[in-house]
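Please model the complete structure; the sequences and the hints are all you need to start from.
Here the protein sequences line up with chains A and B, keeping their order.
Counting from 1, one number per residue, gives the positions in the first sequence under UniProt numbering.
Counting from 1, one number per residue, gives the positions in the second sequence under UniProt numbering.
No lab work stands behind these hints: they were computed from the structure.
Positions of the beta carbon are idealized from the N, C-alpha and C atoms, including for glycine.
A few of these clues could be false.
[What the hints assert, rightly or not] Have a look at the derived ranges for each label pair, beta carbon to beta carbon:
#1 B:Ala459 x A:Cys52: 30 to 36 Å
#2 A:Pro217 x B:Gly269: 29 to 35 Å
#3 B:Gln351 x A:Pro448: 40 to 46 Å
#4 A:Ala122 x B:Gln318: 40 to 46 Å
#5 B:Ser314 x A:Ala287: 39 to 45 Å
#6 B:Lys65 x A:Ser231: 54 to 60 Å
#7 B:Gly286 x A:Asp425: 34 to 40 Å
#8 A:Asp312 x B:Pro220: 18 to 24 Å
#9 B:Ala14 x A:Gln351: 41 to 47 Å
#10 A:Pro448 x B:Ala459: 18 to 24 Å
Here's the letter readout for the chains.
There are 2 protein chains.
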Amino acid sequence: MTATTPDTLTELAAELPAGALVTDPDVTAGYRQDWAADPNAGTPLAVVRATCTEDVQAVMRWASKHRVPVVPRGAGSGLSGGSSAVDGGLVLSTERMREITVDPVTRIAVTQPGLMNAEVKAAAAEHGLWYPPDPSSFEICSIGGNAATNAGGLCCVKYGVTTDYVLGLQVVLADGTAVRLGGPRLKDVAGLSLTKLFVGSEGTLGVITEITLRLIPAQPPASTMVASFGSVRGAADAVLAITRNLRPAMLEFMDHASINAVEDSVRMGLDRGARALLLAQSDAPGAVAAEEIAAMVAACEKHGATEVFATDDSEEGQAFTAARRSVFPAVQALGSLLLEDVGVPMQALPQMITGVEEIAQDCDVLICVVAHAGDGNTHPLIVFDPSDPDETDRAQRAFGLVMDLAIALGGTITGEHGVGRLKRDWLPYQLGEDVMELNRRIKTALDPQGILNPGAVLAE
Amino acid sequence: MTATTPDTLTELAAELPAGALVTDPDVTAGYRQDWAADPNAGTPLAVVRATCTEDVQAVMRWASKHRVPVVPRGAGSGLSGGSSAVDGGLVLSTERMREITVDPVTRIAVTQPGLMNAEVKAAAAEHGLWYPPDPSSFEICSIGGNAATNAGGLCCVKYGVTTDYVLGLQVVLADGTAVRLGGPRLKDVAGLSLTKLFVGSEGTLGVITEITLRLIPAQPPASTMVASFGSVRGAADAVLAITRNLRPAMLEFMDHASINAVEDSVRMGLDRGARALLLAQSDAPGAVAAEEIAAMVAACEKHGATEVFATDDSEEGQAFTAARRSVFPAVQALGSLLLEDVGVPMQALPQMITGVEEIAQDCDVLICVVAHAGDGNTHPLIVFDPSDPDETDRAQRAFGLVMDLAIALGGTITGEHGVGRLKRDWLPYQLGEDVMELNRRIKTALDPQGILNPGAVLAE
Chain A
1 MTATTPDTLT ELAAELPAGA LVTDPDVTAG YRQDWAADPN AGTPLAVVRA TCTEDVQAVM
61 RWASKHRVPV VPRGAGSGLS GGSSAVDGGL VLSTERMREI TVDPVTRIAV TQPGLMNAEV
121 KAAAAEHGLW YPPDPSSFEI CSIGGNAATN AGGLCCVKYG VTTDYVLGLQ VVLADGTAVR
181 LGGPRLKDVA GLSLTKLFVG SEGTLGVITE ITLRLIPAQP PASTMVASFG SVRGAADAVL
241 AITRNLRPAM LEFMDHASIN AVEDSVRMGL DRGARALLLA QSDAPGAVAA EEIAAMVAAC
301 EKHGATEVFA TDDSEEGQAF TAARRSVFPA VQALGSLLLE DVGVPMQALP QMITGVEEIA
361 QDCDVLICVV AHAGDGNTHP LIVFDPSDPD ETDRAQRAFG LVMDLAIALG GTITGEHGVG
421 RLKRDWLPYQ LGEDVMELNR RIKTALDPQG ILNPGAVLAE
Chain B
1 MTATTPDTLT ELAAELPAGA LVTDPDVTAG YRQDWAADPN AGTPLAVVRA TCTEDVQAVM
61 RWASKHRVPV VPRGAGSGLS GGSSAVDGGL VLSTERMREI TVDPVTRIAV TQPGLMNAEV
121 KAAAAEHGLW YPPDPSSFEI CSIGGNAATN AGGLCCVKYG VTTDYVLGLQ VVLADGTAVR
181 LGGPRLKDVA GLSLTKLFVG SEGTLGVITE ITLRLIPAQP PASTMVASFG SVRGAADAVL
241 AITRNLRPAM LEFMDHASIN AVEDSVRMGL DRGARALLLA QSDAPGAVAA EEIAAMVAAC
301 EKHGATEVFA TDDSEEGQAF TAARRSVFPA VQALGSLLLE DVGVPMQALP QMITGVEEIA
361 QDCDVLICVV AHAGDGNTHP LIVFDPSDPD ETDRAQRAFG LVMDLAIALG GTITGEHGVG
421 RLKRDWLPYQ LGEDVMELNR RIKTALDPQG ILNPGAVLAE
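Written out as structure tokens, the structure reads:
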């Protein structure tokens with residue numbers, strides 16, 4: 001679709017600060033893929049490292065004029081190929097847009113997209129405030145990417161996901177127009193809910209250049225519970241028993257393979273023989289945390305936990321949380337990964353987890369399962385050796401079967417990572433043709449030339 | 001735009017259950033206006049009282065075919081003319097769609113739109129669960145209308161607004177297609193955030209026929225604080241001091257005129273001499289509620305409260321809450337009302353409230369101010385005698401000036417009631433032309449004939 005020449009790139013460079021436009025193939029190669037390592041990622045014409053909203057506007061005006069595809073990119077930690085480069089297109093990185101201001105009186109942060117999630121949390125913490133959403137990758141994922149994918153995390157079971165904290169956005173549209181949606185108002189229903197529409201749109205409707213976030217007062221240190229189970233079913237039933245009456249601040253699941261991958265990597269003393277492990281926290285104030293932990297322990301014991309450990313030492317609790325967060329790199333040590341992000345209605349959680357075990361057996365591949373169990377969002381991690389074509393095929397087959405299972409159970413192919421390019425072919429099976437058509441109508445209304453992240457979420 | 005004849009109405013009647021289509025002018029007259037009493041409301045051709053999604057589909061297919069405008073209507077308790085009838089159009093009421101199921105294991109309710117908010121709360125409470133959003137009108141407003149306007153309420157300061165609880169929708173589109181968006185999954189980012197787009201769209205994009213709601217465990221009974229102030233500024237400063245560090249479960253403001261209107265009506269023993277009153281609650285568990293109330297009392301005393309009362313008796317607290325909820329009917333006893341719903345960034349709350357006092361003086365009208373102070377959302381209620389043309393003019397002028405002030409302070413013309421028809425002319429001043437154009441593009445993409453609630457939110 002592009003008709004770019006060196007002349008047209010020079011035209012773009014003239015609109016940007018020195019060094020913002022990069023064509024050196026050694027550098028641009030690093031922007032071809034995100035963490036999903038999409039094998040079909042293209043080779044970009046150039047990378048723009050924007051320094052401000054005006055740079056992003058210049059890029060989109062130029063791209064519109066010349067019909068050049070633009071792939072917006074945060075920190076490149078995406079797990080579904082939402083930032084895979086497109087042949088002949090631009091990669092538009094927001095990594096250099098790193099300003100943030102925190103207003104402690106109104107408990108609001110206004111941030112540019114390039115800060116890491118952990119940096120936003122740290123800026124809030126300086127004022128005794130907290131930005132809750134916490135993807136496992138919070139130290140290496142950007143807040144812009146979080147907004148673009150409506151990222152989740154471990155505390156979402158109690159505190160909600162990214163969209164619950166986004167009060168406003170500045171967005172650059174396909175034609176280069178910059179608009180402000182929402183703002184620093186805790187309630188605002190003036191006009192259509194465009195802020196919410198752009199959150200989670202994966203760069204297909206516009207480029208987010210500023211985010212207004214609601215913060216909340218810092219929570220008390222958490223108390224923690226760890227329970228081992230002899231069966232996946234017992235752990236899953238304990239999850240339902242806990243969420244029936246309580247709002248834990250975290251409720252995570254690890255299966256046998258994940259436990260052992262973590263133990264190989266960080267040696268936490270987890271029970272290597274357990275079939276499943278639950279990790280839960282309460283951050284209720286005062287004596288209530290102990291009551292909540294006791295109720296969770298009782299639920300686990302009732303559902304057959306073989307070993308239960310509880311602590312109100314927050315550092316000890318953080319060590320377990322860190323172990324849980326390390327599952328992804330620990331499993332990565334075992335081979336290449338295909339990452340699932342399927343979510344199901346809570347009562348289907350046991351079927352989802354046991355169904356993945358069957359798929360692993362049928363396809364003869366290792367699948368490690370870790371889950372944000374408290375909200376039914378599971379991450380089966382399919383391990384394979386890319387130099388083994390047969391195993392690669394079987395892994396690919398398992399990848400599809402897991403999504404098929406989630407859809408059959410009334411679930412979603414993606415709870416928090418986004419559709420990107422790797423799950424795009426499954427989206428119609430989940431949404432159906434009528435809802436796909438609604439998605440396309442809105443995409444076309446806002447990006448009639450189809451230059452914004454083409455091929456992500458929707459087919460080109 | 002319509003070309004309907006008795007024949008075409010007969011065609012519609014044949015698609016609906018007996019009695020669903022009403023043309024008796026004595027009955028249809030009751031569907032011309034909502035609580036906003038829009039003087040420009042039209043006269044509908046007919047009213048359809050749908051019994052199921054299929055009825056709504058039949059209406060929209062027929063309306064599409066004949067290009068007849070359709071005004072969706074819940075309980076008719078809207079406060080901005082979002083349900084004003086359109087001349088020659090249909091009013092499509094969902095009042096008869098009243099089924100609900102609650103799943104206590106997954107803490108999810110699936111409800112049709114015709115239930116009152118209070119009925120949804122009651123159905124949840126049967127299982128020890130809670131649906132938080134609580135408009136003051138919760139006993140007479142429908143859950144469908146709540147979703148269509150993204151309604152707020154008193155507990156939103158801690159628990160969020162309607163959209164935060166909507167996991168899924170069934171929606172009938174302009175052409176009669178019924179789609180399911182989202183569903184009973186706590187996290188789901190597959191495709192664009194269409195569920196969130198339809199929440200708050202005021203019937204302009206589709207008709208909501210089913211809502212999947214997230215519920216949470218019931219909260220402990222609340223403790224309550226009431227503080228009187230000799231100045232509006234002192235009360236507003238106390239609000240900022242409280243929200244700086246705490247998350248009260250309610251934080252409401254009443255001005256001198258509201259206090260006296262309530263005392264005239266329900267006699268709670270409020271301080272009639274006070275310039276402002278704050279009503280706050282904590283529903284923190286265990287001993288923490290008393291700590292939070294003590295902190296709120298201290299903040300009020302520090303900012304000049306003349307009298308502070310605190311109680312952990314939840315019935316006593318409910319009496320104060322009921323008094324607060326009665327402001328609207330109490331003020332209505334004083335004359336006709338123009339209802340504002342302006343919201344501002346928290347730090348501008350004192351300027352908003354004192355600015356309204358000045359507008360009342362300048363325009364020589366009574367304006368009673370009640371506010372969800374904890375989230376900056378104020379309801380100036382402009383009282384006037386509609387038989388007095390001069391006072392009516394001054395009230396209309398004040399109505400616009402209050403919205404102008406909110407916009408000038410970086411605020412919104414509507415925090416929770418919706419734009420409807422009465423605030424439509426101010427929307428461009430808040431959003432600006434580029435964002436208006438985005439709204440129109442999405443409206444056109446989903447309702448190309450413009451038959452869904454024409455004239456609401458956007459000009460026809």
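Taking the numbered hints from earlier one at a time, note which ones the structure violates and give those numbers from smallest to largest.
Hints 5, 7 are the ones this structure does not satisfy, whereas the remaining hints hold.
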